[in-house]
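Enquirer: Letter by letter, the chains look like this.
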Amino acid sequence: MTVSRGLVGAQLAPSSKVGDRVFKWLTMTMGLSVGALIVLVGFTLWRGASPSVHHFGSRFLTSSTWDPVQEVFGALPFIYGTLVSSLIGLVIAVPLSIGTAVFLTELAPPRLRQPIVSVIEMLSAVPSVIFGLWGIFVLIPWLRVHLFPSLQKLFGFLPLFQGPNYGVSMLAAGIIIAIMILPIITSVSREILRSVPDLQREAAYGLGATRWEVTRIAVLSYAKRGLFGAVVLGLGRALGETMAVTMLIGNRPEISASLLAPGYTLASVIANEFSEATTDLYLSALFEIGLVLFGVTILTNALAQLLIASTAGPKTSRAVQ
Amino acid sequence: MSANITTAQPKKEDKPLTTENNQRSPLAHLASAGRAETPSRSTPVSEVAFEVNNLSCWFGQQQAVYGLNLQIPAKAVTAIIGPSGCGKSTFLRCLNRMHELVRGSRLNGRIRLFGEDVYGPRVDATLVRRRVGMVFQKSNPFPTMSIRENVTVGLRLNGVRQRPVLEERMERALHMAALWDEVKDHLDLPGTSLSGGQQQRLCIARALAVQPEVLLMDEPASALDPIATMKIEELIQELKKDYTIVIVTHNMQQAARCSDYTAFLYLGRLIEYDKTVKIFTNPSNKQTEDYVTGRFG
Amino acid sequence: MNTISPYHTWRKVKNHSMSVLSFACAITVIAPLALVLFYLIKAGASSLDWHFFTQLPKPVGELGGGMANAIVGTLMLLALASFIGVPVGVLGGVYLSEYGSERVNWWIRFGADVLNGVPSIVWGIVAYALVVVPMKGFSAYAGGVALGFMMIPLIIRTTEEVLLLVPNGYREGALALGIPRWKIILRIVMKTALKGIVTGVLLAVARIAGETAPLLFTAFGNRFWTHHLKDPIAALPLQIFSYAISPYDDWHRQAWAGALVLILIIFLINIGVRALTRGKFSGATR
Chain Y
1 MTVSRGLVGA QLAPSSKVGD RVFKWLTMTM GLSVGALIVL VGFTLWRGAS
51 PSVHHFGSRF LTSSTWDPVQ EVFGALPFIY GTLVSSLIGL VIAVPLSIGT
101 AVFLTELAPP RLRQPIVSVI EMLSAVPSVI FGLWGIFVLI PWLRVHLFPS
151 LQKLFGFLPL FQGPNYGVSM LAAGIIIAIM ILPIITSVSR EILRSVPDLQ
201 REAAYGLGAT RWEVTRIAVL SYAKRGLFGA VVLGLGRALG ETMAVTMLIG
251 NRPEISASLL APGYTLASVI ANEFSEATTD LYLSALFEIG LVLFGVTILT
301 NALAQLLIAS TAGPKTSRAV Q
Chain C
1 MSANITTAQP KKEDKPLTTE NNQRSPLAHL ASAGRAETPS RSTPVSEVAF
51 EVNNLSCWFG QQQAVYGLNL QIPAKAVTAI IGPSGCGKST FLRCLNRMHE
101 LVRGSRLNGR IRLFGEDVYG PRVDATLVRR RVGMVFQKSN PFPTMSIREN
151 VTVGLRLNGV RQRPVLEERM ERALHMAALW DEVKDHLDLP GTSLSGGQQQ
201 RLCIARALAV QPEVLLMDEP ASALDPIATM KIEELIQELK KDYTIVIVTH
251 NMQQAARCSD YTAFLYLGRL IEYDKTVKIF TNPSNKQTED YVTGRFG
Chain D
1 MNTISPYHTW RKVKNHSMSV LSFACAITVI APLALVLFYL IKAGASSLDW
51 HFFTQLPKPV GELGGGMANA IVGTLMLLAL ASFIGVPVGV LGGVYLSEYG
101 SERVNWWIRF GADVLNGVPS IVWGIVAYAL VVVPMKGFSA YAGGVALGFM
151 MIPLIIRTTE EVLLLVPNGY REGALALGIP RWKIILRIVM KTALKGIVTG
201 VLLAVARIAG ETAPLLFTAF GNRFWTHHLK DPIAALPLQI FSYAISPYDD
251 WHRQAWAGAL VLILIIFLIN IGVRALTRGK FSGATR
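Here the protein sequences come in this chain order: Y, C and D. Under the numbering used here, the first sequence has 24 at position 24, and the numbering climbs by one with no breaks. Under the numbering used here, the second sequence has 80 at position 80, and the numbering climbs by one with no breaks. Under the numbering used here, the third sequence has 259 at position 259, and the numbering climbs by one with no breaks.
Think of the hints as simulated: they come from the structure by calculation, not from any bench. Note that the Cβ used here is the ideal one computed from N, Cα and C, for glycine as well. Hints are supplied without guarantee of correctness; some may be wrong.
[Said to hold, decoys possible] Residues of chain D placed beyond 10 Å of chain Y at every Cβ, according to the derived structure:
{"id": "1", "residue": "Gly61"}
{"id": "2", "residue": "Pro153"}
{"id": "3", "residue": "Ala209"}
[Stated by the list, open to error] Label pairs and their calculated CB-CB ranges:
{"id": "4", "chain 1": "Y", "residue 1": "Pro149", "chain 2": "D", "residue 2": "Leu194", "range": "55 to 63 Å"}
{"id": "5", "chain 1": "C", "residue 1": "Asn53", "chain 2": "D", "residue 2": "Gly169", "range": "47 to 55 Å"}
{"id": "6", "chain 1": "D", "residue 1": "Leu194", "chain 2": "Y", "residue 2": "Ile255", "range": "52 to 60 Å"}
[Unchecked claim] Take a look, some chain D residues computed to stay more than 12 Å from chain C by CB distance:
{"id": "7", "residue": "His8"}
{"id": "8", "residue": "Lys12"}
{"id": "9", "residue": "Ile27"}
{"id": "10", "residue": "Ser46"}
{"id": "11", "residue": "Leu75"}
{"id": "12", "residue": "Ile84"}
{"id": "13", "residue": "Ser101"}
{"id": "14", "residue": "Asn168"}
{"id": "15", "residue": "Glu172"}
{"id": "16", "residue": "Ala176"}
{"id": "17", "residue": "Ile184"}
{"id": "18", "residue": "Leu186"}
{"id": "19", "residue": "Ser242"}
{"id": "20", "residue": "Asp249"}
All chains should be modelled from the sequences, with the hints used to inform the complete structure.
Expert: Below you can see the structure in the form of structure tokens.
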């Protein structure tokens with residue numbers, strides 16, 4: 001009486017076990033490809049860079065001579081340029097972004113929120129090269145004719161604004177970086193602020209605080225670490241920006257105190273010179289620059305992710321792309 | 001509640017049944033037989049669908065079921081009752097090897113389905129689940145499929161391709177689920193376009209289409225209105241002619257209405273298991289009596 | 001309680017000015033987009049004619065010509081990249097959502113986030129070492145590899161998120177029917193989440209459509225039609241870049257036109273995505 005009245009005829013195959021195993025193995029391989037990619041990138045860069053590493057050692061990071069003809073390569077101007085342009089970008093973008101995030105989460109009427117959020121999303125969709133194009137033909141002329149002369153007139157006593165005014169400069173690159181990292185810092189900050197529990201706000205309101213005070217006391221200080229993470233994330237993005245920066249920074253491998261002077265970044269030198277590198281050592285030096293860039297951005301982004309996760313929890317760090 | 005009804009006791013073979021504690025209720029002396037009775041049958045051949053030996057199971061470190069022993073008869077309705085958290089659903093899920101899908105779960109003991117060990121070393125859980133169907137508390141018809149596709153999905157995804165076979169099975173399953181008349185003209189509408197009660201019957205049809213031998217039901221009507229509930233209960237009475245049914249319910253009246261046998265679980269232990277009539281009129285165990293008379297739970 | 005202290009007034013003033021200030025921030029953030037789009041349309045729209053879409057670039061010094069090969073090249077590169085990025089990304093996302101352990105998954109997610117932060121030019125270097133060097137030349141394949149690698153971490157994350165949204169009840173119901181696990185995932189779970197998966201893929205495509213840096217020394221660019229994928233290939237962003245930094249006014253004009261086409265493609269994809277997800281997610285309350 002224990003006839004199995006299973007399926008019509010079909011004997012359940014070992015195929016189901018095989019199918020399950022194959023599929024699981026397949027998806028696992030794809031999932032682990034992430035680790036494989038990281039290793040691949042690191043290994044490829046290291047292999048390409050090692051001639052240069054062995055040749056120059058630590059002088060690579062401290063010397064400011066970049067001479068392809070003599071085959072002497074020092075990356076200090078690029079490190080300097082990357083850091084300074086990114087810093088300028090942050091200084092401009094961070095207050096604006098956090099202010100906007102505060103506006104969107106605490107102050108804006110609901111009807112206004114979605115349009116502004118959409119606009120910011122659209123801004124993040126604009127490719128770097130288009131910002132560069134706009135930068136060359138719109139921003140730079142305006143800077144050269146209007147802003148820079150004013151800066152020189154007002155603050156010319158500072159070494160920051162001295163020297164000839166070409167338009168293409170560290171400051172121009174910093175401004176375009178600021179525009180490009182605004183969306184990411186704003187949207188992450190907004191997620192962080194949203195994750196602050198309402199109870200915090202209510203507690204402050206209950207004490208008779210004004211809206212700004214509630215924001216300052218209950219929201220911003222609670223979200224401090226996460227907001228700092230958003231800033232670091234913006235920094236990570238800024239460090240890797242290539243095209244727009246290359247088009248606006250002047251591409252001169254020199255360290256200058258003036259923000260109005262041309263400069264060069266790690267990403268830009270690769271973009272400009274990689275396909276023209278004539279000798280093996282030249283190419284290897286560019287690989288090494290890529291390795292430095294890779295290492296710096298990985299550390300920065302890892303730090304940012306940890307900071308964000310610690311405030312807002314794993315769900316928010318997922319929303320961050 | 002005082003027991004005036006004596007349970008009918010036709011001849012039957014002795015089946016080993018144990019309860020955890022053989023406490024006697026004050027009403028026990030009113031029963032014609034003062035001990036737990038073995039289940040009786042109207043059909044002459046009594047078959048055991050599930051034989052459960054010393055079943056214990058855990059969620060990680062937390063034990064949910066303690067040494068359960070019982071036999072579930074075939075082609076009858078067995079109800080599992082008990083207060084929340086007593087392990088009824090957990091026990092049910094051990095019967096079709098769904099418990100092991102929870103991370104960290106563990107299981108001990110033996111369950112035999114018509115004589116075959118369900119947890120045997122070479123037994124494919126997927127096969128077990130085809131012979132033991134399940135209907136859930138919250139109906140879950142697949143949203144991307146029509147009514148027709150929903151009913152036949154168990155067959156199609158297991159290799160049955162011939163159209164006439166699928167059509168015939170689908171029709172039969174929908175008839176058995178008492179849904180055919182309501183949907184026969186809209187078989188290509190999405191499964192989710194039906195009402196709650198209809199969706200649940202769709203899920204029953206879906207489960208029946210693969211022709212299981214047993215149908216497990218985990219609080220199938222708890223999310224439904226009284227009319228839909230009544231339809232499901234009527235359906236159960238029809239289905240038991242061909243299927244073994246095990247139903248978990250927190251609704252005692254439903255258990256009393258629907259089932260032939262009832263098992264009362266409390267805190268993971270089987271307190272009493274007997275014919276439904278006896279459990280609800282003359283339970284042998286004080287705890288059972290307290291529960292069915294509403295003193296706790 | 002009748003006298004309002006000067007401190008209280010100061011608090012009110014501060015409150016109000018902060019509101020104004022943050023509103024000003026929002027305006028400042030929106031302004032660049034408005035400015036960029038304005039100039040794009042102003043400088044580029046007039047150059048968008050039939051010739052632009054159908055002609056090849058003219059030799060240096062000659063006026064006119066178009067970006068037909070660059071537009072087609074971009075589309076081909078996107079297709080190549082998707083070939084690599086979509087299967088790996090989607091299946092990887094499936095693993096994260098349906099299989100895996102807590103610890104392994106955490107590391108995979110962390111790795112994907114790290115990869116998302118790698119500058120795009122570094123991907124170009126990797127593709128150069130992997131494809132250009134062995135093939136001894138620039139090619140569409142190299143460009144596709146660079147862009148495809150970029151897509152993987154993006155798609156893994158979006159696929160995982162979308163799959164996790166599928167209610168567990170469906171998986172349970174299917175398991176109870178005795179359907180093998182892999183069929184459940186493929187035919188039921190993924191099918192339910194299909195819209196979301198496609199959305200994630202489209203967003204990744206829109207992301208890489210505008211990437212220039214990884215193509216600089218992989219696809220390299222081409223002033224003619226590419227007939228074999230092992231040859232260098234033109235791409236819209238590459239063309240925009242080389243025209244923009246050139247000294248010729250006519251090329252500048254075409255660069256604007258190309259930029260307008262590029263941004264239109266990207267915006268179209270984004271609008272398509274929004275249309276797909278309409279109604280799925282209710283508006284955020286904050």
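Enquirer: For which of the previously enumerated hints does the structure constitute a violation, in increasing order of number?
Expert: Checked against the structure, the hints that fail are numbers 2, 3, 5, 13, 14, 15, 16, 17, 18, while the rest are satisfied.
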